[in-house]
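Undergrad: Chain D is already provided as a structure; the job is to place chain U on it using the hints.
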Amino acid sequence: MDSTSSNSNTSTHDIIDLCLLAGKIMLQSGAETYRVEDTMSRMAASLGFPGAHSYVTPTVIMFTTSRTEPVKLFRIAERTTDLQKVSEVNDISRRLSERQITANEARERLGAVDDAAHAYPAWLQIAAAALTGACFTVMFKGSLWDALPALLVSGLGFAAATYLHRLVQIRFFAEFTASFLIGLLAFFSVRLGVGQEMDKIIIGSVMPLVPGLLITNAVRDLMAGHLVSGLSKGADAFLTAFAIGTGIGLVLSLF
Amino acid sequence: MILQLLTSFIAAATFCILFNAPVRALVQCGFAGMVGWMLYLQLDEKWDTVVATFVATVAVGVISQFFARSFKMPVIIFSVGGIIPLVPGGLAYDAMRKFVENDNNLAIQFAVQALLLSGAIATGLVLSEVLGQMFRRKNGRST
Numbered sequence: 001m002d003s004t005s006s007n008s009n010t011s012t013h014d015i016i017d018l019c020l021l022a023g024k025i026m027l028q029s030g031a032e033t034y035r036v037e038d039t040m041s042r043m044a045a046s047l048g049f050p051g052a053h054s055y056v057t058p059t060v061i062m063f064t065t066s067r068t069e070p071v072k073l074f075r076i077a078e079r080t081t082d083l084q085k086v087s088e089v090n091d092i093s094r095r096l097s098e099r100q101i102t103a104n105e106a107r108e109r110l111g112a113v114d115d116a117a118h119a120y121p122a123w124l125q126i127a128a129a130a131l132t133g134a135c136f137t138v139m140f141k142g143s144l145w146d147a148l149p150a151l152l153v154s155g156l157g158f159a160a161a162t163y164l165h166r167l168v169q170i171r172f173f174a175e176f177t178a179s180f181l182i183g184l185l186a187f188f189s190v191r192l193g194v195g196q197e198m199d200k201i202i203i204g205s206v207m208p209l210v211p212g213l214l215i216t217n218a219v220r221d222l223m224a225g226h227l228v229s230g231l232s233k234g235a236d237a238f239l240t241a242f243a244i245g246t247g248i249g250l251v252l253s254l255f
Numbered sequence: 001m002i003l004q005l006l007t008s009f010i011a012a013a014t015f016c017i018l019f020n021a022p023v024r025a026l027v028q029c030g031f032a033g034m035v036g037w038m039l040y041l042q043l044d045e046k047w048d049t050v051v052a053t054f055v056a057t058v059a060v061g062v063i064s065q066f067f068a069r070s071f072k073m074p075v076i077i078f079s080v081g082g083i084i085p086l087v088p089g090g091l092a093y094d095a096m097r098k099f100v101e102n103d104n105n106l107a108i109q110f111a112v113q114a115l116l117l118s119g120a121i122a123t124g125l126v127l128s129e130v131l132g133q134m135f136r137r138k139n140g141r142s143t
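Chains D and U, in that order, give the protein sequences. So the first sequence is numbered by this note's numbering: it starts at 1 and just counts up by one. So the second sequence is numbered by this note's numbering: it starts at 1 and just counts up by one.
Extracted from the complex, chain D is given alone in its bound form:
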């Protein structure tokens, strides 16, 4: 087999580690469950293990190359959405299957992808969040006068969410506080006469925090038969929505 001869210095364990690393990066970056499983078995197959099996849930990856080999497990604690990394791992896996790169090169590249920080600087992300909030306010039939405070409110809300998440490791708390802040700012902007409709400003501003993608992915996983991932993603999305709702709800009940 040419795959074993070209990768003669890589052992079975190295190959398992390689596939696990690829799966880990993808899952942490928010790829769909089926894509992670598919990529891992494709990589294994191209390295000479056509019968590899994997079981992926949002919190754990289990992977084995054959029935006799022990199963390796990888725990995923933190999940974000980083489409750049998903795309890069996808690219590496494709090149590996097309034999454009060897297993060693793939490992080096994957390591680089794993270590890479967020590609966009923080200020750009906050600016993007601000623009998103303003645009959604207009899209949800808010007036242009509401878009202006929404620009400010959503930018500050997103910045608060990112900063708080770095400060305390509990995402629920960060989202709750950020949405509470959004509610307060929207309320005061209307009170000061800068905005007109508080509802429109709030809806636009919470959009960068809303777990829309998670909800959709959850339903999608359920339909694809990935019952465990579907339910756990659904729970995750529900928690986030609950945090946002509570934050906003607190403001509404206070005033």
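Mixed in with the good hints there might be a few duds.
Unchecked claim - With a straight-line Cα cutoff of 30 Å, these simulated DSS-like cross-link-like pairs (lysine-lysine) come out:
id : chain 1 : residue 1 : chain 2 : residue 2
1  : D       : K141      : U       : K72
2  : D       : K24       : U       : K72
3  : U       : K46       : D       : K141
4  : U       : K98       : U       : K46
5  : U       : K138      : U       : K72
6  : D       : K72       : D       : K141
By construction, these hints were calculated from the structure, which means they are not laboratory data.
TA: Below, chain U alone, put in the same frame as chain D:
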């Protein structure tokens, strides 16, 4: 109308920045979002919201499949930007607000509607994927 076109394009593209999409995919993301949102706005006037969302999602999915194939990137990069405007964030907020105001009946109505809409989005995405697979099989290409 032009304002809606412009804002939906920007909103979808900037949302993809939040999800750290590759720079060379941002314009396509914005385009997918714009098409989805405009289709949704047009259909929502005549048909049920769930149907409008479903059709718009299928369109977004087909566009994303096309982009994914021509730019050799995963479908999810383009479809995320496309479906974000359709996601029932506003409804979820309304539901929460009614819960806080102790109007549980209306709240549950809104919540169920939001759930139905996410179901429609998910079904639309799956359908577009199936369509893409059928198309590829017809053209005699594998994967």
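Undergrad: Need the list of violated hint numbers for this structure, in ascending order.
TA: 1 and 6
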